[in-house]
Structure formats: C-alpha cells, structure tokens
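Residue numbers (the working numbering), protein chains in the order written: chain Y, 13 to 402; chain H, 13 to 402.
Fair warning: there could be bad hints in the mix.
Repeated chains share a single entry, so a pair holds when one copy, or any two copies, can fit it.
[Unchecked claim] Lysine to any residue pairs mimicking SDA-like chemistry, simulated, CA-CA at most 20 Å apart:
{"no.": "1", "residue 1": "K281", "residue 2": "A56"}
{"no.": "2", "residue 1": "K281", "residue 2": "D59"}
{"no.": "3", "residue 1": "K320", "residue 2": "F280"}
{"no.": "4", "residue 1": "K281", "residue 2": "G89"}
{"no.": "5", "residue 1": "K175", "residue 2": "A327"}
{"no.": "6", "residue 1": "K14", "residue 2": "T238"}
{"no.": "7", "residue 1": "K281", "residue 2": "D119"}
{"no.": "8", "residue 1": "K281", "residue 2": "L120"}
{"no.": "9", "residue 1": "K281", "residue 2": "A57"}
{"no.": "10", "residue 1": "K14", "residue 2": "M239"}
{"no.": "11", "residue 1": "K14", "residue 2": "L120"}
{"no.": "12", "residue 1": "K14", "residue 2": "G116"}
These are calculated hints, taken from the structure and not from any lab test.
Protein chains: 2
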Amino acid sequence: MKMRDVSIIGVGQTKVAEHWDRSLRHLAGEAILAAMKDAHIEPAAVDALYVGNMLSGLLNGQEHLGALIADFVGLRGIEALKVEAACGSGAAALRLGYAMVAGGIHDLVVVCGVEKMTDTVNAETTTGLAMAADADYESIHGVTFVGINALLMRRYMYEYGVKHEDFAPFTVNAHRNAASNPYAMFRERVTVEQFSRARMIADPINLLDSSGIGDGAAAVVLCPSTMAGEYRREGVVRIRASAMATDAVAVHDRPDPLWLSAAEASAFKAYQQAGVGPRDIDLFELHDAFTIMSALSLEAAGFAERGKGVRLAQAGEIAREGRIPICTMGGLKARGHPVGATGVYQVVEVALQLRGEAGPNQIPNARLGMAQNIGGSGATVITHILEAQD
Amino acid sequence: MKMRDVSIIGVGQTKVAEHWDRSLRHLAGEAILAAMKDAHIEPAAVDALYVGNMLSGLLNGQEHLGALIADFVGLRGIEALKVEAACGSGAAALRLGYAMVAGGIHDLVVVCGVEKMTDTVNAETTTGLAMAADADYESIHGVTFVGINALLMRRYMYEYGVKHEDFAPFTVNAHRNAASNPYAMFRERVTVEQFSRARMIADPINLLDSSGIGDGAAAVVLCPSTMAGEYRREGVVRIRASAMATDAVAVHDRPDPLWLSAAEASAFKAYQQAGVGPRDIDLFELHDAFTIMSALSLEAAGFAERGKGVRLAQAGEIAREGRIPICTMGGLKARGHPVGATGVYQVVEVALQLRGEAGPNQIPNARLGMAQNIGGSGATVITHILEAQD
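Only chain Y is shown next, with the shape it has when bound in the complex (with noise of 0.2 Å):
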C-alpha cells in the first residue's frame, strides 16, 4: 500500500531550564505556538495533537496532557492523547504523527514533546526516572536509572580497555554546541580536566558524564510533502524514515547488554525506508543521556565498530567539523534532557539545521540528519532520518 510522503512545516522550542513559574501547559503552549507560528497555520486547519511525554502523572500530578494542551492552545475539540514510552517518549509520539499523516488519517498535525522535572508532587525525579527500568526486576533492589547505565560503563571500560577520561570528548563536543544554542540549560564550554574531575554520582558516572534535568517543551507541525508548499515556500524538511524497535526493559534480560539491538534494528529500518546508509548522514542527533550511550549508540547505528564508539569521539570525528557530527545544538548532555520531550528537541534541531537556519552551529551544506531517541537503557529506540526538501 502506497503512503504518502510527511514533512515539517514548523518548529518551535522553549528553552530547557528549571521553569519554576510555568507549568506543563504552559511549557507546551510556547513550543506548539511558535511551531504553528513557523509554519503559518492557524488553529482551524489543524487535525490531531500528539503529546509525548513520560513523568508527568508521577511528577506532576496530571494526566490527560492529550486534551489539557489542546484546549490550552486553542485546539479544543481535536483529536489528542499523550504518549509514553520512557525517554523515548518525545519520537513516540512523532512516530505517531508521522503515521498519521502517511496514511491518510490526517492532513495536519501537531507533535509535542513536553516535561517538567523540578518542582514536582508525590515522587522525586530520581523515582520517575527510574520508571524507565524494570520495577519488578531492577528498581526494586533500589539500583537508580544512573546506577543501570553505570554498570553499562563499566562492563564497556572493561570489556574494551578504555578509560573513563576516553569518554570526554563526547562532554566537551555538547558543551561547545551549546555554547551557541540559546535554547540550551548548560551553555558553559567544559574542559577535559574538568570532565575528569567533576563530582561521582554512581561510580564510573560522573555529573559530566550525565545529562542535565530540566523543564522544557518542543513541537513541529506535520503534513504531507505535496501540500507543504501551501504553508512554506523554503525550509520544508522531509520526514525519510520513521522506526521504531525495543528491547528487554531489565538490562540483565538481554544476551549483549553492551549491543543496543533496539538501535540497531532501529536505525537500520530507518536505513532501508530511506535507502540511504550510515555514510549518508550529514549530521546525527543521539541520545547522549550518558556518555556510555553516546559510544553505544555510535556503534548500534554503525557510525563505529563495536567497541569504538569513544575512538570516534577522541578521533575528533563527533565535532562539528568531523565525518559525523553528533549533539550538534549540544544534545541531552548540555542542552539539557527534559526526558519526554527530549525526542522532539532532537528532531527540531536536525530540521533547523536542513533549513540552515543553525546559527554558529550550522552544519556546512547538511542535507540528510538522522534523530535517534532511546527509551530507558535501549529498550525503545526510535529513528528518524529527515532531508531538506527543495
């Protein structure tokens, strides 16, 4: 059955800090207007709203997101729900709005990725983020999302005789593209010494190796590829592949716990759909939670042999001037990680820098980026690849 191609017409983004005078609604509502904003639409025309978002009844004490934002920018009336899939949420719910339009269900349609992580009710964020893992099987035993990612690095270091200063480059890369993005939590440049000496929070991860949480809210505006010219007539950005995959939740479930097969099976669909392989892509939004997934996720989606993903990374090869670019607005690391709306920050930034509209962060003559977003420690994995559509 023949679907129809999806593009986006607007993006939109609030910046990613602690927000303690706004809410979730409030959070959203700026992205999803600037989004509309951008792609010149009006509240009328639009169709559907897809939310992804992961800790908000755990945190915030509010679900039902789907018609709360939707009536609160306008939209009551409209298809809306939410979507969760861990961190992997924000993808999740483009995924959706990307099927949506392909096959004929509907012609315009708004994705919002969305979370408030400071300020929170009923649980502290270390408790909603463990959400991700396997309650039965890992975090009742008490071991942190942290503390999964920490045993993750250390079998890695073990396993391939790296060091914990190899996984530098991959901080000091997000926070130098930070530097320039003013969306961006953390837009301090960070040294190799400082990496090296920051703060343990679970031994070998340190708070350089970690991602920052915060509040913060992206949106794009979806329809098909021929109608794309009726709302903008330069910056249209195709959607090539959209796929997703999982995994064993519980880490000790999977028989390589240092091969993200959901990556893999992820990013390689995406592959296909697209006709397009690793060598292709221009630039590489990964889901540099911790470092450790930075390396993984390099090698699962076959930028890096299994084992080399940090060689990459100290080759130079991750930096903007490098064979691929990665975090190239400063990623989770450094433009911070509000986890459900995170997939949607990844996927903003590629399309901004296809309309090369990245600022001091653009990639020269970027034609074909891929968005790469994971759920807990890999056990969902969604990709997208996008083209700048002339």
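Let chain Y serve as the given structure and place chain H on it in line with the hints.
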C-alpha cells in the same frame, strides 16, 4: 486517500478483580495471549503492540509498558508504546492500532488495555483518578474525581427535575448483566431499594452509582479486513468507524457542563464514517463510570433527548430486551472499571456480541454495535462502531 478496512480477528480478557498476586505484565500477558490464540496467530506475525494505560506511573511505579509487555508476551523487538488519555486510554490505544492498519503502516497489530488499581505505590487510587481532572484548577482545590461527577449529577437533578432513585435502572441493568458474565467483578444483582440505601460517597453519588475499582486487562488483534479470512473463517468483526474528540478538561471551562460535546462530536463523526445513525445501533457499550455519565452519554450520542437519558432507562429501553441495550456485560459499574483497560473491554464485549458469543447475555441478531470510552468527565471521547463481517 483510500484507507483500508480494519477487522478484529481475536479478543482476550482477564476477569476484573483485585488481583493481589499478579503484576501489570501478568494481567496484560493473559489478555494478549488469549487474544492471539483466539486469532490463531503466532508471535512472529505481529507488527506492533499498543498499550492503553492511565495510572501505571503513579500507582505502580512503572512506565515504559510498551517494551515491557511486548517482551513478556514473546514479542521482543517489535514496535510498542503506551497511549494515555485518562479513562479513555484503552480506546485511544485501539484508535491508534486501527489507524496504523487502516493507513497501511502495519498489517497485524495487538492492542491491549491494562490497569492495576489495587496494590499501589506512591499514592492512593483516588489521587490517581484525580489526574484525569485539571490538576492546577480543579484537583488543587481538593475536589476528587467522584466529587466532580457529583457536581454534574446534582446539577442534572436540579435542571431536569430528576430524583436520585430515578438513576437506579442504570445500576440494576448493569448488575443484572454482570451476573452472567464470568469476567465481571460484581456479579450480584442489585435492587432499586439496595441502590437507594447504598452508602454515600460524594452526595448525591452513592456506592451503587459508582463503577468499581479493579485490576484487569483486555486485548484485541487487528488486521486489514481483506486479510481476516486467513486467520478465521467466522466471527470476524469489522471496525466501521473510529473517531476521537476532546473538550476542556476542567468542567468549569465548558459553556454547558451538562452537555458532553466531545461525546456528541465523537459519536456523530463515527455515525458519518459508518453511514449509520443511532437507530441502526443494536447495542451501545457506554462509559458508565457513574450513573450520571450514562444519562449524559445517551443524550450526547443521540439516543435520548437532552435531559431524557434517565427517562430512557426508566422506560426499560436500556435492558437487553430494550431499544438500545447498554452495558450488556455489566458495564463499568458491574464488570468493573480498570480505567486504562476499560475502552478495550468495551470493544471486546461488542465483538463477542457481534460474534454471537455473549452467552446468556446475547443480544439476538446483533449486527452493529457501538463502544464509547470517555476520559475524565468528558474531555476525551473515543467512539468505535463495529459490525459483524460475513
């Protein structure tokens, strides 16, 4: 753009109960495996799993249900995510599954609604249910979810000159039907006198106006109608319509609190898609979370005039022998209301009726059935119309 017709080829459900000995994944697993067996499919044939759930984050400390449940039922690797739309989460997940098959994204999809409301962590169930309301403008004042419905019921009684005991037929009918449903939570018949003397919960809503809190899961298997014959010769049920609409979450933001405009919009969109009207519907599984919601639903969906929903019930028209049988397997009131699962339970029950497998509860010659799942006090409404496919 032409979309594909979609059919239900398998259904499964657990008994609704206080399942103290079983976790979320066990409940979901029982329903999913039953549905897959009923559909005669192997795990390798399944393309995706969509899980409807509202409360798992707050009450069970577990998000990431898509990957978690997919893995548990032998579907590791497939596309899987969770959909949340308050008490409408189940039908929202079904709507997503429908769209994915109708639009040609996937061929074989499993949809599961699951909820575990007893044996909770982090908060009480009442706190969880309040997340369907507006946390910032309703719940913050201390009103519970039943309290909001009580305000609606009191206003309805005042506006239309209806007494509390007039609502009794809804409860009597639901319990009568549940008595012969082995999956129902409350299988005792209830008299008008018992109804009137039941313990007050939130005046004027008493215990027997209210649906039961319980644990449960229900599942369906979907495929293109043209492929359904490959899996089963008889008992295929076609989805003739799938429609979703929203409204303001906070009741005070609606111009007319006694009119469920999203229920009206959703039902009439569904009628239009199916090319039918209320007169053509043989049974209606409505969202009787409270008796007041039954009355409002009958009115909004066109089965009774404004203010006459209670009269329709008093006239016996909602019974199995009446003009529009509702809650034929016990409804939310007596089958039980595991919130995120309810929308799928409703569709399973309609499917069983259309297959002629409703046992003592069978509506003779049922050909066209409707299920309407409501999130919050009417802010999200999803309507499906199903037809027996020969």
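task = Identify every previously stated hint that the structure contradicts and give their numbers, smallest first.
result = Of the numbered hints given earlier, the structure breaks none, since each of them holds.
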